[in-house]
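Using the sequences and the accompanying hints, generate a full structural model.
For the protein sequence lines, the chains are X, C, G and U, in the order given.
For any residue, its number in the working numbering is found by taking its place in the first sequence, counting from 1, and adding 471.
For any residue, its number in the working numbering is found by taking its place in the second sequence, counting from 1, and adding 471.
For any residue, its number in the working numbering is found by taking its place in the third sequence, counting from 1, and adding 471.
For any residue, its number in the working numbering is found by taking its place in the fourth sequence, counting from 1, and adding 471.
Keep in mind the hints are simulated off the structure, nothing from the lab.
There's no promise every hint is true.
For chains that are exact copies, the list does not tell them apart, and a pair is met inside one copy or across any two.
Claimed, not checked - With a Cα cut of at most 27 Å, we get these calculated DSS-like pairs of lysine-lysine: (1) Lys604 / Lys516; (2) Lys604 / Lys569; (3) Lys516 / Lys580; (4) Lys604 / Lys477.
There are 4 protein chains.
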Amino acid sequence: MLSNRKTVHVEWGDCDPAGIVYYPRFFEYFDACTNALFERAGFRKPQMLRTYGLLGIPMIDTRAQFYRPASFGETVEIETRIVQWGRSSFQVEHKLYKGEALAAECSEKRVWTVRDTQTQNGMRSQAIPEEVKARFA
Amino acid sequence: MLSNRKTVHVEWGDCDPAGIVYYPRFFEYFDACTNALFERAGFRKPQMLRTYGLLGIPMIDTRAQFYRPASFGETVEIETRIVQWGRSSFQVEHKLYKGEALAAECSEKRVWTVRDTQTQNGMRSQAIPEEVKARFA
Amino acid sequence: MLSNRKTVHVEWGDCDPAGIVYYPRFFEYFDACTNALFERAGFRKPQMLRTYGLLGIPMIDTRAQFYRPASFGETVEIETRIVQWGRSSFQVEHKLYKGEALAAECSEKRVWTVRDTQTQNGMRSQAIPEEVKARFA
Amino acid sequence: MLSNRKTVHVEWGDCDPAGIVYYPRFFEYFDACTNALFERAGFRKPQMLRTYGLLGIPMIDTRAQFYRPASFGETVEIETRIVQWGRSSFQVEHKLYKGEALAAECSEKRVWTVRDTQTQNGMRSQAIPEEVKARFA
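Next up, the structure:
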């Protein structure tokens, strides 16, 4: 399975008055990592949206566990891979390392979502194209 | 059990190019709701930090499920309660409503964390004072 | 001239390791205040976009001066008004108060921007409808 | 004068429903660039805070002009330099490029701020050490 490793420099503005990463920022890191994994597979988001009439890949379920705090000035590494493909949803897994130590983990379930002006929300899920899945193999 | 209901106006800046709330912002909403619940119990965060030598109540495990998207201009209601107290950790639950519909749910496990210059991180967990727990009963 | 006063509760997550509002968050407050002023004038953003084919009112020039820091747990008041209308641009002014004290000021120049698939960016400025201006008088 | 050039990948989560960078995120970019310039001069923020009893370098005046929008998937370059040193304040200038084109500019006035438990805010400005200034020459 294709995986991607992304280096993140923890910024001052990512941290809260306790001096550690404000946890919603970790979800921003993870979201950027999922996009980076797609880029690595050859899918830059702007093109991917156009090619497939995609609205996005919104989150429907995510869980993160934080084992060690991170602070501004630190550099962390996040390893990302897709661990399961469904028909229209898929699961992503992130492992965040400080040096050798696993500092956080996150799992995501996202849905391949296209524009649909017929629906109330203007969107609906759709089967993920096989050619997309193939690129991650 | 004490609970709190907070009204959140979804801002333009909370939303992504799909026009819906960028999911890390929901975690910002939830974090503000946990703080609002403590305020309701009589603990404003600045005073709480001073009174107990508290560094904060960092997250160690959180899961959110998103059932319906929310968009700028919408108003949502978030109901928050503490569902379990441990010795130094506690669990929080949020339910986010759009009108009558449950649009998202989140569970949190947080740790009562004090400053400790002896430790490598400058922090350690501590037993939650009984008087704190009592205020939520 | 119509003005709007918005109360903002400074959240823990808005603050940096110095314990004060991380200044980009002030711009989030100000942006929400401009939107709130439009709402007060009768223009909720989702409807306004639909009615006028509007893409948004992007910023082209903004300056903020910060006289006093604000910290989590504090409540501030922001007074907002449009101080000048151009053909397709307009200027907004915000004054942020902590109690009686003026703690920050911001000026904004924004452009009324519509979708235009003919342009490279997919957008262009347009004359602001007179009926829009009239609502702020 | 020392300058620094930082590459920023515009993330999906940095963009608003108009599909372009939500302007407060540009200030996050600029803040990270000022910190990167200090790092380049040999001052990593955590060490700098410890060495000088520094609370931070809070913003007191900033102005940004946006000439061209940027969108997710794009990469921009930001060039940063300190253009003037005062006794306890200094001015920073950022130029943001999309390819060859200047897409945004920002000026900042920041204050060298130390902890002081005697003051109401717990902070006060202080003369910037000459050895700090010297590193940027």
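Structure-based check of each hint:
With identical chains, the CA atoms of lysine 604 and lysine 516 are at most 27 Å apart within one copy only, with a shortest distance of 15 Å there and 38 Å across copies. For the homomeric pair lysine 604 and lysine 569, neither the shortest alpha-carbon distance inside one copy (30 Å) nor that between copies (32 Å) is at most 27 Å. Taking CA atoms no more than 27 Å apart as the test, lysine 516 paired with lysine 580 passes inside one copy only; the shortest distance there is 18 Å, against 30 Å between copies. For the homomeric pair lysine 604 and lysine 477, the shortest alpha-carbon distance inside one copy (21 Å) is at most 27 Å, but the shortest distance between copies (34 Å) is not.
The structure fails to meet hint 2 from the earlier list, while all remaining hints are met.
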